[in-house]
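Protein chains: 4
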Amino acid sequence: MHFEPTKKVTQLKEQLNSFMEKHILPADVEFRQITETGTYPIELIDRLKVLARKEGLWNLFLPGLKNNEPGTRLSNMEYAPLAEIMGRYPWASEVFNCSAPDTGNMELLHLFATPEQEQTWLKPLLDGSIRSAVSITEPDVASSDPTNLQTTIERDGDHFVINGKKWFTTGALHPNFKFTMVLGISDQNEDSPRHQRHSFVIVPAETEGLRIIRNLPIMNHFALEGHCELEFNDVKVPITHLVGEEGKGFALAQARLGPGRVHHCMRTIGQCERALELMCQRALDRQAFGRNLSEFSNIQDWIAESRMEIDQARLLNLYASWLMDTQGNKAARILISEIKVVATRLQTRVLDRAIQVWGAAGLTNDTPLSYLWSWGRALRFIDGPDEVHLRSIARAELKNYNTNSGQ
Amino acid sequence: MHFEPTKKVTQLKEQLNSFMEKHILPADVEFRQITETGTYPIELIDRLKVLARKEGLWNLFLPGLKNNEPGTRLSNMEYAPLAEIMGRYPWASEVFNCSAPDTGNMELLHLFATPEQEQTWLKPLLDGSIRSAVSITEPDVASSDPTNLQTTIERDGDHFVINGKKWFTTGALHPNFKFTMVLGISDQNEDSPRHQRHSFVIVPAETEGLRIIRNLPIMNHFALEGHCELEFNDVKVPITHLVGEEGKGFALAQARLGPGRVHHCMRTIGQCERALELMCQRALDRQAFGRNLSEFSNIQDWIAESRMEIDQARLLNLYASWLMDTQGNKAARILISEIKVVATRLQTRVLDRAIQVWGAAGLTNDTPLSYLWSWGRALRFIDGPDEVHLRSIARAELKNYNTNSGQ
Amino acid sequence: MHFEPTKKVTQLKEQLNSFMEKHILPADVEFRQITETGTYPIELIDRLKVLARKEGLWNLFLPGLKNNEPGTRLSNMEYAPLAEIMGRYPWASEVFNCSAPDTGNMELLHLFATPEQEQTWLKPLLDGSIRSAVSITEPDVASSDPTNLQTTIERDGDHFVINGKKWFTTGALHPNFKFTMVLGISDQNEDSPRHQRHSFVIVPAETEGLRIIRNLPIMNHFALEGHCELEFNDVKVPITHLVGEEGKGFALAQARLGPGRVHHCMRTIGQCERALELMCQRALDRQAFGRNLSEFSNIQDWIAESRMEIDQARLLNLYASWLMDTQGNKAARILISEIKVVATRLQTRVLDRAIQVWGAAGLTNDTPLSYLWSWGRALRFIDGPDEVHLRSIARAELKNYNTNSGQ
Amino acid sequence: MHFEPTKKVTQLKEQLNSFMEKHILPADVEFRQITETGTYPIELIDRLKVLARKEGLWNLFLPGLKNNEPGTRLSNMEYAPLAEIMGRYPWASEVFNCSAPDTGNMELLHLFATPEQEQTWLKPLLDGSIRSAVSITEPDVASSDPTNLQTTIERDGDHFVINGKKWFTTGALHPNFKFTMVLGISDQNEDSPRHQRHSFVIVPAETEGLRIIRNLPIMNHFALEGHCELEFNDVKVPITHLVGEEGKGFALAQARLGPGRVHHCMRTIGQCERALELMCQRALDRQAFGRNLSEFSNIQDWIAESRMEIDQARLLNLYASWLMDTQGNKAARILISEIKVVATRLQTRVLDRAIQVWGAAGLTNDTPLSYLWSWGRALRFIDGPDEVHLRSIARAELKNYNTNSGQ
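Same order as they appear, the protein sequences are chains A, B, C and D. Residue 89 in my numbering sits at position 73 of the first sequence, with consecutive numbering throughout. Residue 46 in my numbering sits at position 30 of the second sequence, with consecutive numbering throughout. Residue 366 in my numbering sits at position 350 of the third sequence, with consecutive numbering throughout. Residue 284 in my numbering sits at position 268 of the fourth sequence, with consecutive numbering throughout.
No lab work stands behind these hints: they were computed from the structure. These numbers were taken from a predicted model, which means no experiment stands behind them. The reader is advised that the hints may include incorrect statements.
A pair holds if it fits inside one copy or across any two, identical chains being indistinguishable in the list.
What the hints assert, rightly or not - Simulated crosslink set (BS3-like; lysine-lysine; CA at most 27 Å straight-line):
#1 Lys23 x Lys264
#2 Lys139 x Lys194
#3 Lys24 x Lys181
#4 Lys415 x Lys264
#5 Lys139 x Lys252
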């Protein structure tokens, strides 16, 4: 055991940091100016993507790339510090073809796509020429318990017919959006095992019967790429659009969510570091009652608590990544739940402290704090609410205890 | 000591509750539809104001009304449960001419206005025919320590000349906005006592040199009535626009803030109750892992914690109000700081729990939770950040200890 | 509604405060010196009891005293501030014949005793010439759910025969201990309603088969009056020792626990005030890094938080007491649960802060902080663990919601 | 970077675990029986020490052992998991010659002892034939700011004369106690630099003028080895008893405290694991309201929170240890402060949850929970109160920010 990063990672960190400083930071103002007009800044992104790919900063998230697929071939643990750097600017990941939910979709297709699916959907995703979405959660049931899901996927000859409602399908309004991966009940027999009745199918963007009902705001932020509510009304896709086997939808969803969850956490930690820097900056800049805010011990305590919590979360994240790398996503399941809960709760906590140090300015859009907090709050639901993960962790702990104590 | 409300209050509560059910709740959808188009629903409000005033539900907040002034003449403690009811719907208070910051301005003018000021500014405020604002906090200094304020109010013959920047001036974009009360340094001598250099002056809306720079978002909510950043560039007002005495600005600000702070807290508690109801509703409606959410003991704990905290905050609020009524705002100063911290922190805590029970839906605008949380977060700065009040409470406690222990 | 205490209470507070200063504080050192030798300072207590009774400071806790019974005849709300004063010194209550568990036993006997029981057990209790105990909780089951209790009370002719184990029977080692009230299953039929199978019987101290197994330490404090584990081995008492009706044990326990719980909370708040004073004292006395501890804003925050929390808890306690006085113990049930959770958790929180301000000295017995904390920790179990009360509060809230929303 | 332990560590963990099971666990009952009689179980310990040393489980804590000194020669990071195992039973470390404060003294002497000191004091310590203490903190000043220390060490010819009071000198009542290392002001010139006026001297146990005033209880636990208050009344020691250079006392204290602090944290994490096991055990054993406690989601949350917090603390501890190993104790200073705060606060939090799950039994001595909690509470002062470490962490963070942002 040791904590020295490999040379490869050290070098990539430097390169990425330099790219951020040279290209992302200067573009951040432009990015915000364009988005404020209600337009997705696709030209800006495309321009930067060319630069990133040229530098080899491309598909950094995906470990198992095959022969000619473009990317860095890093392990999850190697990717972690890089995701943290990208995560400081929430829009930056797309520039490196590392943004959710595409990363998860690429992982899934990488593992389970048929050759045809590979050619049609995975290749353009890896090239960054299209974007995709994933449709799991539903408005009418507690999707935290996925056996509640109600969307149906029924076989009709050579096709599947999909009916139901999904929401929080992120990316469905992106200019390059081409398909969403839909999880639904493919086995209508209620006596079948509850976790083996669901399947994943690819639904192309323009399919008849697929309707975007609305773009859902997150704490009043309406994302331009969309967090959409979708209606599937007799949506028909060929059976070749099935991903993996019928009835294995949950297993796939789990496989998909592992690394995806950890990627979110990595980026989240980057946001915490940025908030902590902003906290220090303001504390050093402002005076009250004759002293800098940085000299008040309550504000010092917030800074120290943030530092301690961030350091711990980062280590937990690295450990979870290492477990995925060495023992597989399934064996890392509980650690992934742990970092999921830890990192997302931490984000809103650190951000809230930073807002408080900034005073009323922290509520406005003059700093990134307000937006980042909102995103952190959403992360406490994305990939499952805290409570579901706490439940898994506790049940695993109790089971472990029983095993070890021979009960 | 007893906790039985007076008949007067009991009757007014019933009347107000019935008004809310009959008029406010049905109008809430309309209100939101209009505001979503970016228009302040002034006709709707005006229509309801007529009804409220006809019923005598008018100026409920102002204890010391004179002979022919319209209103209920309630004490602060009597007003508290009514403010709580109005507060459940954040836009409702205006219907009863009880909305901030006008209530504070009316209080201040009631105490300190010259007969001319009374006629020109107070009377139409009491009649609800105009709206007003207050400009204290500034973007460039930590306004939590008000001796930091930099806006200048300089005497020039029969006029004051005002220069500086203010922000979070709420209401400056309201269709009926007519004036703002500005706090600034009127005594430029830096050797004068630090708390006796500031004055309050009335600046009419259309005065030359007064410019609305922008409407500030609060956690991405842009209020239609505006939380505005204002520039005062050689703004000239007659010296008759001085409120109270020169150099007494802080004393007035304190007098103004006392009841105003408590009104915010009263409304806040109403919002907490509404959030707790929504929490119960969802917990009873949703199922996960084979049981209603309401049967999970962690969610039960959130409900119980919310109930205990709300009950305590309400009692503290009533006690602070009673102290103001019986011993004056100054004697109640520390209790006002206490309830200010308690109620506003409580709001975001209860709202956050409710959001968590609602799942991702809680992030959207499908429930009022997201907006209310944002407002609660802002309340942790409005009328002074938590930290300033905690400091006052602690210093009072230490002083008390010293006095009692004879040190 | 108002918060002005009655003249009677104001006068009694002054009298009690003066008694505390004149008699209790000077005796505190002596009390501790004697107890450190392992002897219960019964002479000291007896001497002070004579003084207290002579002053009329006697049985202040019991509202419904009959004709010639000695005591103040205060309501629960009137008693609250007096209990708070007594509670500052944990041993003081006995001097005024106001100590647990005797107060609860007197309440219960007052309501349900037969004339014979009144003469034999209640009268000497009211006179303070004997002490008593109550035996409810058991070592082998989760007594938080009282239907779990296993001790049996079986009818055998003119006697009840009691078998089982009880623990945390407080007072069984007190020199004046004369009887304990035992709750057990009197109806062995498992098909009977679960809440109507238990009865209360009086078991005199010297009864054959009753054995004190051991004195249980509470966080390593071994109370001289004992928190005892008892064994009942074919213990026989005449059927005249039944209190109230057979099968009504739970109803009696509930009746008994209401005021008793609130008394604990009242005393607890007194302990919090004492801890806050000690916190201020030390913060003003000690210097670190060139400033008094009282000038560090993190320590100021602890002081302010304590003040806000204590003020709220006290108001909640008064409100719960008022509800008991005006609507009965049953109607006040949820409020009693609320104050129970609030006050006991608060105690350990405030005490822990005080310990931290005192540094390592706070861990020793040089201040009362260490002992008081331990007692506060115990209070989170005495009269039921927090979790049971939170559950009751939540269930009541959910039921209320259902009723109000017409579901 | 990777998390795979070395073979050496894996093997030592197995060996140590097996020793614990074979020798420590069976002796635990005996240990407690003897201590309850007020006798330090020195024969028991000595017997086990022979076994441990024979197995090579000896001085595991000390990295830089010289040629013929006995011990394992592990790095701090290698020692961490072993200290965790020993820490589960607070008395076990002595068996492996790894108990505080001797470990810190051995470290210090290892670095700074003269050949004579090595022979006289270090060698028998490494052999486990004597025990030692350290006297830093004082009753009359806030020792968290060590420049406050008042004990004087004055040169008088070939001797130092020591005057002052120390407290919390752990081990001074141990049967093998032979000397304490005293930190005091050796440079009486108040104009000298504040951090260069103190020195460390060795004071043998039997020196005239050294008096043990009393054994201080920690939350009412009176340790048999003593946490003692000492008086130094013209205590004379030869100048050869000076450790390191005159005026370098602080530098030495810092050097000494680094690894010592981390050792405490390692053991603490072992205690947290033990508490979590006990929590699971009880949750699985007890029933309330018809279900096992382990099925209540609030208790599941406590288990999950504990697991997440322990995992993070352990990783932080390993990281801090690795920094000490690779970059030295000074470079690891902030990380040591972090783990110090994190681990000790965590201990009382996890222990408190375990106590709550155990119900009133958790308060007694029937489980180790009560004692362990008390020890955890003390650890929040030992090696400096939380607040001092939070201050250091914050100041380092602010300084870092300034450096990185070029201010």
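Cross-check of the supplied hints:
Proximity of Lys23 and Lys264 under a CA criterion of 27 Å is satisfied in neither setting, with 40 Å inside one chain copy and 39 Å between copies. For a Cα distance limit of 27 Å, the shortest separation of Lys139 from Lys194 inside one copy, 13 Å, qualifies, whereas the shortest one across copies, 62 Å, does not. Taking CA atoms no more than 27 Å apart as the test, Lys24 paired with Lys181 passes in neither setting, with 45 Å inside one copy and 51 Å between copies. Only within a single protomer do Lys415 and Lys264 lie at most 27 Å apart by alpha-carbon distance; the minimum there is 25 Å, versus 41 Å between protomers.
Proximity of Lys139 to Lys252 under the C-alpha cut-off of 27 Å is restricted to the intra-copy arrangement: shortest distance 23 Å within a copy versus 67 Å between copies.
Checked against the numbered hints given earlier, this structure breaks hints 1, 3; the rest are met.
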